[in-house]
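For chain L, the structure is supplied; the task is to place chains S and Z with the ligands on it using the hints.
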Amino acid sequence: MRDEDERKVLEKEWKRWEETTLRDALASHPERRKEFVTTSSRPVKRLYTPLDLAGKTEKDLGAPGEFPFTRGIHPTMYRGRLWTMRMFAGYGSAEDTNRRFKYLISHGETGLSVAFDMPTLYGYDTDEPEAKGEFGTCGVAVSSLEDMKILFRGIDVAGVSTSMTINSPASVIWAMYLVMAEDRGVAWTKLRGTIQNDILKEYQAQKEWIYPPEPSMRLVVDTFEFGSKQVPGWNTISISGYHIREAGATAAQELAFTLANGMEYVRWGIDRGLKVDDFAPRLSFFFNAHNDLFEELAKYRAARRIWAREMRDTFGAKSPRSWLLRFHSQTAGVSLTAQQPEINIVRTTIQALAAVLGGTQSLHTNAYDEAFQVPNEKAARIALRTQQILAHESGVANTVDPFGGSYFLEALTDELEADAYRYFDRIQDLGGVIPAIRKGFFQQEIANSAYRYQREVEDKERTIVGVNDYVVDEQTDVEPLRVTEAAFKAQVDRLRRLRRTRDAKKHARALDRLGKACEADDNTMPFILEAVRAKATLGEICDVMREVFGVWEEPLLY
Amino acid sequence: MEVIYTGLRQTPEDIVEAAIQEDVDAIGLSSLSGAHMTLFPEVVRLLRKRKSGDIVVVGGGIIPEEDKAKLKRAGVKAVFGPGTSLSDIVSFFEKAGKGA
Amino acid sequence: MREPVPAKASRDSVRGLVESLLEGDKRSAGKLISLIEDDEPEAVEALARIYPHTGRAHVVGFTGPPGVGKSSLINRLVRTFRSRGKSVGVVAVDPTSPYTGGAVLGDRIRMADTGVDSGVFIRSMATRGHAGGLALATFDAVRVLDAMGSDLVFVETVGAGQSEVEIASRAHTTVVVEMPLTGDVVQTMKAGILEIGDVYVVNKVDLGNEDVLVANLKFQLETRDGWTPPIIRTAALEGRGIDDLAGAIDKHALYLDQSGGRHKRELARARLEILENVQRLLVHRVSEGSRSGRTFDKLAEDVATRRIDPHAAAGKLLRSGPATER
Ligand code: B12
Ligand SMILES: Nc1nc2c(ncn2[C@@H]2O[C@H](COP(=O)(O)OP(=O)(O)OP(=O)(O)O)[C@@H](O)[C@H]2O)c(=O)[nH]1
Ligand SMILES: [Mg+2]
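Residue numbers (our numbering), protein chains in the order written: chain L, 139 to 696; chain S, -1 to 98; chain Z, 2 to 327.
Chain L on its own, in the form it takes in the complex (with noise of 0.2 angstroms):
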C-alpha cells in the first residue's frame, strides 16, 4: 500500500518537471534528434527516474557473491582480486609465439591466450593441400604434439592459467596440452585453463565447423565428463557470445543466444547421465565489450541473473558454483577501423572500461592495428597498458558495481532480460537450438542486425569518427608483422620428423581404436589422448572422425 502511495508521489512530481522545467528548455532548445538509440538500435529515454525500478526488489539485485549475482559473482570484486589480463596471442611457428608469451608475460600480462592459425581451427596439419597459404597468418600453427611442447617451453604450466581459442578440434588440442603437460611430470589436477570448445555458436557466427551438430556435441559433452573427473580445475568451455555479436548481432541477441547454448549444453550434459552441479561449475562464458558503455553493462549483469537463476531452477543445480556465471570478456574488433588507426586505442579504452564495471573475470584488449594484422609487439603492448591504466590510475575497481542502482543501468538490465525471455521463447517454438540452427534462424537474425547497423552508418544515421566523419586524407602506417618462409620450412619439416620417426604400428592402432570408439558411444577423450601419445597429428585424428561423423553442410539463408 505504501508503495502505491509512493509511487503517486512521484508520478506526479515527473509530472510536474515534464510539465514546467523540461517543457521550457524544449521549447528554447530543441533536442539534438527526434529519437536516440544505442549500438543496437535499442531506444533510449530522455531521463530514467526511480519510476523505472518500481516493481524492482532487492532479490532482483542480490548482494555481490549472492543469488542472483547481478551485481558480481564475489562479494569483494577487484578489491580481492584483479581480473586476469589475458591477451589473445598467436601468429608464425610455436617458436614465434612462445617468444610472444614471454614477451606479453614480461609485461605484466596474468593469464595466457592462444590464438590459433586457420588450418588447426579446422583440424588441418601444415602441410596439407588444405592449408595452403594459410600457415600462421592468423595464429599459431599446431598440428602435433611437438609444436604443443614448443609453444610451451620455459614457461610454468602449473603456475599460469592458459585459454585457447579452439573449437571443433578443441578435444585434440586439449589432449596436446594435457599430454605435454604430463611429459613434463606436471599433474593434470594442477592445471588451470579454457578451452572454447563452443561448436553450437559456430554454426551459428563465426562458422569453423568440422562434423554435423550431434556428434559435434557428443565431443563437447565428452571433455565435459572427462574434465569434471580427471582435470578438475580447467573449464571444458567458454560459451561465446563474442563471436555472435561481432557478426553483426545486437547486445540483446549476443545475451539470448548465448545463454540459450548454454542451457543447451547443460541439456546435453544431463541427457548423458551427468549430476549438473559435477559439470556446470566448469562452464565459463565470453562475451564482447562493445562501444555503448551503459548497454553493455546492462548485459553482463542480466546474463549473471538469467543465468543463476535457470541454473536453480530450471536445472535444479543444488552448488551454489553452478550458479555463477564467470566470464572473459573482450573488446570489439569489429569496431575498429583502419581509418586513422591510433583512435582505436581509445574506443578499446571506453570498450574494457565496460568489461571491468561489468564484473569481468579475464580480459583482452584488442590493439591499435586491429584492422590490419594480428598485433605487432608494440600494439600488444599498448593494449595490454590500457588494462593497466585501468586497474591502477582509474579508480574504477575500488568499489563493487559501481554503477549499481543507477536508474538509467537497472531498467536497461531489465529490458535485456526481457528480450532473452522472447528469444528463448522463439527458439523453443522452432523446436530448440539444434533445429533452429537447421532452419537458419540465428544466421538470419544475425544477418538482419548486422544489415541494419551497415545502412545506419552508409545513410549517416550513425556517426563513426573517422570514416563517416570527421575524415583525414593521410597515408596510415602500421609496422607490418610477417610469417617468414622459414619458419614454414620448419614446421613442414617438423612435422615429416615426426611422421618418419613415430612408431608407425602403434600410431596406427591408436586411429584405429580412435575410430572404434567414435562407431561406438565411448567417450572419445581416452582414445584422443592415446592417439595423441602415438605421435598422431592433428589432421589425422580429425580425419578419422570425419570419416565416422561426416562434414556439415551449411542451410541457406535467404
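Calculated directly from the structure, the hints in this document are not laboratory data.
Worth double-checking, as some hints may not be accurate.
[Stated by the list, open to error] BS3-like mimics (lysine-lysine), calculated; alpha carbons at most 30 angstroms apart, straight line:
| hint | chain 1 | residue 1 | chain 2 | residue 2 |
| --- | --- | --- | --- | --- |
| 1 | S | K66 | L | K345 |
| 2 | S | K66 | S | K49 |
| 3 | L | K270 | S | K75 |
| 4 | S | K68 | L | K270 |
| 5 | S | K47 | S | K70 |
[Said to hold, decoys possible] What the simulated footprint calls covered on chain Z by chain S, stretch by stretch (three residues with Cβ under 8 angstroms from a Cβ of chain S suffice, anywhere in the stretch; the number is not a length):
| hint | segment |
| --- | --- |
| 6 | 28 to 38 |
| 7 | 120 to 127 |
All of these numbers come straight from a predicted model, not from anything done at the bench.
Each residue gets a CB set at the ideal place from its N, CA and C atoms; glycine is no exception.
Relative to chain L, chains S and Z with the ligands alone:
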C-alpha cells in the same frame, strides 16, 4: 548487376569453374586470413589455363599495402584493403562495366 | 595487363562459339547462354546453328514453392546420375530482387557438391525482363547444354505465378516438389499443381508430418494418358529417397518413349515456341528507336485518343514492317 554467391571455403578450382559456367565479367575474391598471396594468383593462373584470362579478377580483405603491387603484377586487376569505402568499390565496377 | 574486355560476343564469332560448344567447351557454353540471357542480336544466329544438334537430352523441370529443397534435390540427383556415367546440365532460375534489380543467385551453393566435375554444368539465370518471357530464354539455354552433349538437363524454377505451367509444357518430365507443413494446418495445393506433375516429391520427410500430405496427393492425383504420377518421399539433406526419385525419372522417360508421348510433347512445345517467338519479334520491332517503334507510338496515340480501337491497331502494326527486323 548480378552476384553469384558461391559460399564459404571455395577452392580456386571451384571458383574458376563457376566463373566459366556463369560467364561472368569479373571475379571478386575476399580474403581476411592472409592467404591472398597464394590464392589470388592461383585463380588468375587457372583462368588463363582455361583460356579465360579476359575475366577480370579483383580482390579485397586484410591485404597489406606492400602486397598490392605484387598482386597486380600477378594479374589481379584491383585490390581493396582495409577501410575501403563502399563507394570506391562501386565506382570501380561502374567504370569497369562501361569499359566492357 | 591485357586490354579491357570488349563486348562479350563480338570478340568470338558465333560460329566459332558453336563449334567449340559442340566439342564440349564450357567457356563457349557459358558465353552462348549469356547471349541468350541478354537477348543479344547474335542469339538468333546462335540458336539457329545449335538447333540441329539438340533433341538428345532428357529435360527435367523442377518446380515448387521457395525453399522446399529443389536445389538440394538436384544436387543429390546430379551425383546419382554422374555415378552412372551420365553428364548433367542444370539451369537454375532465381527471382530478381524487386528492390535492387540485382540477384544473388543462391542455387549454386546448394549444388556445391558437384564442384569441379567435367560432366556437370550449372548455370544460374535471373528472372529479369525477358522479352519473350522467362521460359523461352530458359529453355533456349537448355538447348545450349543439350547441344554440348548433356544426357540430362535439369531446370529449376520457383513455383510462383505461371512458371509451373510454363515449365510443364516444355520439360519432358516435370517434377513437382512439396514439403509437409508443421503444425495443425490443412495443407492445400496450389491450383493447377495437380495437373502438371509427372512425378511428385514430398521432401523434408526428416522433419516428419508428411503422411497427411502424401495421402492427400494420392487421393487427388489421377492417371493421365496411361501414366500415374508416382509420389516419392525424400530427405534431400540426408540423401534419402534420391534413388527412388532417379528411378521415377528414368521410368517416365521410358514411358514417354514407349507411348509416343515424347513426340507429342515436342510438338506441343514447338507450337508454343513459334508463337512466343512471334511475340518476341514483335516486341523487338516496336522497341524504342526502330522505324516500327514510331508507328507503334503513333498507333498508341490513336488508340488513346479513341481514333481507332486496339484490335485494328494490332492489325495495322502486324502489316507495317518487315518481319525480319529485330
Ligand atoms: C568481425 C571479425 C571476426 C568475426 C567474424 C564474424 C562473422 N561471421 O562475420 C569473428 C569473431 C568470428 C572472427 C574470427 C576470427 N578472426 Co577476425 N576479424 C573480424 C574483424 C574485427 C572485422 C572483419 C569484418 O567483418 N570487417 C567488415 C568488412 C566489411 O570489412 P573487410 O572484410 O575488411 O572488407 C573491406 C575491404 O577489405 C574490402 N574488401 C574485402 N573483401 C573484398 C572483396 C572484394 C571483391 C572487394 C571489391 C573488396 C573487398 O572492402 C570492404 C569494405 O571496406 C577483423 C578486424 C577488422 N577490424 O577489420 C578481424 C580479423 C579479420 N580477424 C582475424 C583473425 C585472426 C580471426 C581468427 C582467425 C582468430 C582466431 N585465431 O581464432 C578467427 C577466424 C574466424 C574464421 N573462421 O574465419 C584477423 C586476421 C589477421 C590477418 N589476416 O593477418 C583480423 C584482421 C583481426 C586481427 N587484427 O587480428 N573475426
Ligand atoms: N530438414 C530438411 N531440410 C532441407 C531438405 N532439403 C532442403 N532443406 C533445406 O531447406 C532449405 C532450402 O533448400 P533449397 O534446396 O535451397 O530449396 P529450393 O527449393 O531450391 O529453394 P529456392 O531456390 O529458394 O526456391 C535449405 O536450408 C536446405 O538445407 C530436407 O530434406 N530436409
Ligand atoms: Mg533453389
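Now the hints, each set against the structure:
1. S/K66 - L/K345: holds (28 angstroms)
2. S/K66 - S/K49: Holds, at about 25 angstroms.
3. L/K270 - S/K75: Holds, because 23 angstroms separates the two Cα atoms, which is no more than 30 angstroms.
4. S/K68 - L/K270: holds (18 angstroms)
5. S/K47 - S/K70: Given that 30 angstroms is the threshold and the Cα spacing comes to 18 angstroms, the pair holds.
6. 28 to 38: It holds, with 6 qualifying residues against the three required.
7. 120 to 127: n = 5 at 8 angstroms, threshold three: holds.
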